[in-house]
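Colleague: The residues making up each chain are set out below.
Protein chains: 2
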Amino acid sequence: MNIGDAAGCLESLGNDTRLSIFRALVRSGPDGLPVGRLQSRLKIPGSTLSHHIAHLVNHGLVSQNREGRVLKCVANYRRMNDLVGYLTKECCSDVGGCP
Amino acid sequence: MNIGDAAGCLESLGNDTRLSIFRALVRSGPDGLPVGRLQSRLKIPGSTLSHHIAHLVNHGLVSQNREGRVLKCVANYRRMNDLVGYLTKECCSDVGGCP
DNA sequence: ACATTATTTCTATAGAACTAGAAATAACGA
DNA sequence: TCGTTATTTCTAGTTCTATAGAAATAATGT
Chain A
1 MNIGDAAGCL ESLGNDTRLS IFRALVRSGP DGLPVGRLQS RLKIPGSTLS HHIAHLVNHG
61 LVSQNREGRV LKCVANYRRM NDLVGYLTKE CCSDVGGCP
Chain B
1 MNIGDAAGCL ESLGNDTRLS IFRALVRSGP DGLPVGRLQS RLKIPGSTLS HHIAHLVNHG
61 LVSQNREGRV LKCVANYRRM NDLVGYLTKE CCSDVGGCP
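Chains as they are written, first to last, in our numbering: chain A, 1 to 99; chain B, 1 to 99.
Source of the hints: derived by calculation from the structure; they are not laboratory data. Some clues are possibly wrong.
Remember, identical chains collapse to one label, so a pair may be satisfied in a single copy or spanning two.
Claimed, not checked - The list that follows gives simulated cross-link-like pairs (lysine-lysine, DSS-like), each with its CA atoms no further than 27 angstroms apart:
{"id": "1", "residue 1": "Lys72", "residue 2": "Lys43"}
{"id": "2", "residue 1": "Lys72", "residue 2": "Lys89"}
{"id": "3", "residue 1": "Lys43", "residue 2": "Lys89"}
Generate the whole structure from the sequences, applying the supplied hints.
Modeller: Right, here's the structure in full:
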């Protein structure tokens, strides 16, 4: 991962609503959750939710696959792993006790 | 670290300029760098730089200590460690291969 | 074809963020 | 005290971002 992608992912997660969405997806495991399920859980208007999900998808943190009428959203664990790897490697230091 | 602090840190680092500042500080080790040094390295106007540094300081990612006329900025490794810990614990999953 | 459900795109608006010049403050040496 | 260097605060302009209602699209069953 390069610095631009990292900043993009960080910006995506650096918003309370989007971080909540992402956490909900991570917790729900590899099966993910339909958009409507996120909507009822997080209690936000569909258009707003859709906007934020698109942001996460654009930065590779979430992927979607349609199952009939329902759109399943899944956290992209590999992408998140890459991000954490970048932060650990490029933004931490042996000196300071980072992993 | 709680979700609010995490989102704040992520938002801080989710900006190309601030991420560059932070990386420069991390790379320079526990001695850090003076503001002026960052300015000449990153080639950005003082007021803009000051604005971004204040943002990082406000979110606990950078601390400052004056040495005479020079203000030294130092990356807060512990804070960064906490952030990475939060992401690993709350936003990753065993299933997906995250650490 | 139509009704229903699920989700997105369009559109507008209010507020926040980024940028940077100019003026102000801080620290120090002469 | 004055001048110089280092940095911040003030101010303003422009550009992004978040929000959400309304209309449009997609998918399915009847």
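Colleague: Would you mind marking each hint as holding or not holding in the structure?
Modeller: These are the hints, each one checked on the structure:
1. Lys72 with Lys43: Cα proximity of lysine 72 and lysine 43: one copy only (18 angstroms, versus 44 angstroms across).
2. Lys72 with Lys89: between (32 angstroms within a copy, 23 angstroms between copies)
3. Lys43 with Lys89: Intra 37 angstroms, inter 25 angstroms, cutoff 27 angstroms: inter-copy only.
Going through the hint list in order, the structure satisfies each hint without exception.
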